[in-house]
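**Q** Chains as they are written, first to last, in this note's numbering: chain A, -18 to 93; chain B, 279 to 394.
What the hints contain is simulated information worked out from the structure, not anything from laboratory work.
Wrong hints could be hidden among the right ones.
[Stated by the list, open to error] Computed Cβ-Cβ distance ranges for the label pairs, DEER-style:
{"hint": "1", "chain 1": "B", "residue 1": "Thr355", "chain 2": "A", "residue 2": "Lys39", "range": "41 to 47 Å"}
{"hint": "2", "chain 1": "A", "residue 1": "Lys49", "chain 2": "B", "residue 2": "Gly294", "range": "31 to 37 Å"}
{"hint": "3", "chain 1": "B", "residue 1": "Thr283", "chain 2": "A", "residue 2": "Leu27", "range": "17 to 23 Å"}
{"hint": "4", "chain 1": "B", "residue 1": "Arg295", "chain 2": "A", "residue 2": "Gln92", "range": "14 to 20 Å"}
{"hint": "5", "chain 1": "A", "residue 1": "Lys38", "chain 2": "B", "residue 2": "Val394", "range": "43 to 49 Å"}
{"hint": "6", "chain 1": "B", "residue 1": "Gly329", "chain 2": "A", "residue 2": "Glu37", "range": "46 to 52 Å"}
[As the list claims (entries may be wrong)] List time: in silico DSS-like cross-link candidates among lysine-lysine, alpha-carbon distance up to 30 Å:
{"hint": "7", "chain 1": "B", "residue 1": "Lys375", "chain 2": "A", "residue 2": "Lys52"}
{"hint": "8", "chain 1": "B", "residue 1": "Lys289", "chain 2": "A", "residue 2": "Lys49"}
{"hint": "9", "chain 1": "A", "residue 1": "Lys39", "chain 2": "B", "residue 2": "Lys375"}
Ideal placement from N, C-alpha and C gives every residue a C-beta, glycine not left out.
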Amino acid sequence: GENVEQHPSTLSVQEGDSAVIKCTYSDSASNYFPWYKQELGKRPQLIIDIRSNVGEKKDQRIAVTLNKTAKHFSLHITETQPEDSAVYFCAAPNTGRRALTFGSGTRLQVQP
Amino acid sequence: DAEITQSPRHKITETGRQVTLACHQTWNHNNMFWYRQDLGHGLRLIHYSYGVQDTNKGEVSDGYSVSRSNTEDLPLTLESAASSQTSVYFCASSETKPGQGSTEAFFGQGTRLTVV
């Protein structure tokens, strides 16, 4: 089955700085890579996703890059704000291609 | 608006009791999933279903069961609750589009289960 590794487990940045979270996956056939944000006590919510036919996708201050050869993908948040503080999860499809296997999460803290 | 709801939101039960957590979605999604969330482990897949009468085991399925008798519901049953099953449980659903594979999963609000 798919194995997803996520680093770092915690990340602290100053407001306005950039934050980068990295994930690796094991199944070369995986073709969909979402990122979820989970605020304290809330449900995970999708913030951006990328399919394997593109190498980068941007949405305002967030971007995701994908390197299929190396089997890793990254989340980039620019100009961080205190409201970006949350736990972020990467994911990749499991063997059946519909359920998602999640990374262990990164707790991002943006210091004002 | 379409949504996915879980009930109860909080539950305390005793070791050895059978517990059922409900999940209901009005998205008309074909895929439904149950995950548990524990500190340091992220979200781990318990069981999932690709459609009515279809169920599959995830990576942490021991002690849990599900059934899918209609599109909208996927109840999760803990046959004999154990303290190791104290966790936050999330239900999710997604739609599979032809030729596209996985798509966005929408999560319920979560159920916090405590087994004492």
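**Q** Could you check the structure against the hints above and give me the numbers of any it violates, in ascending order?
**A** Numbers 2, 4, 6, 8, in rising order.
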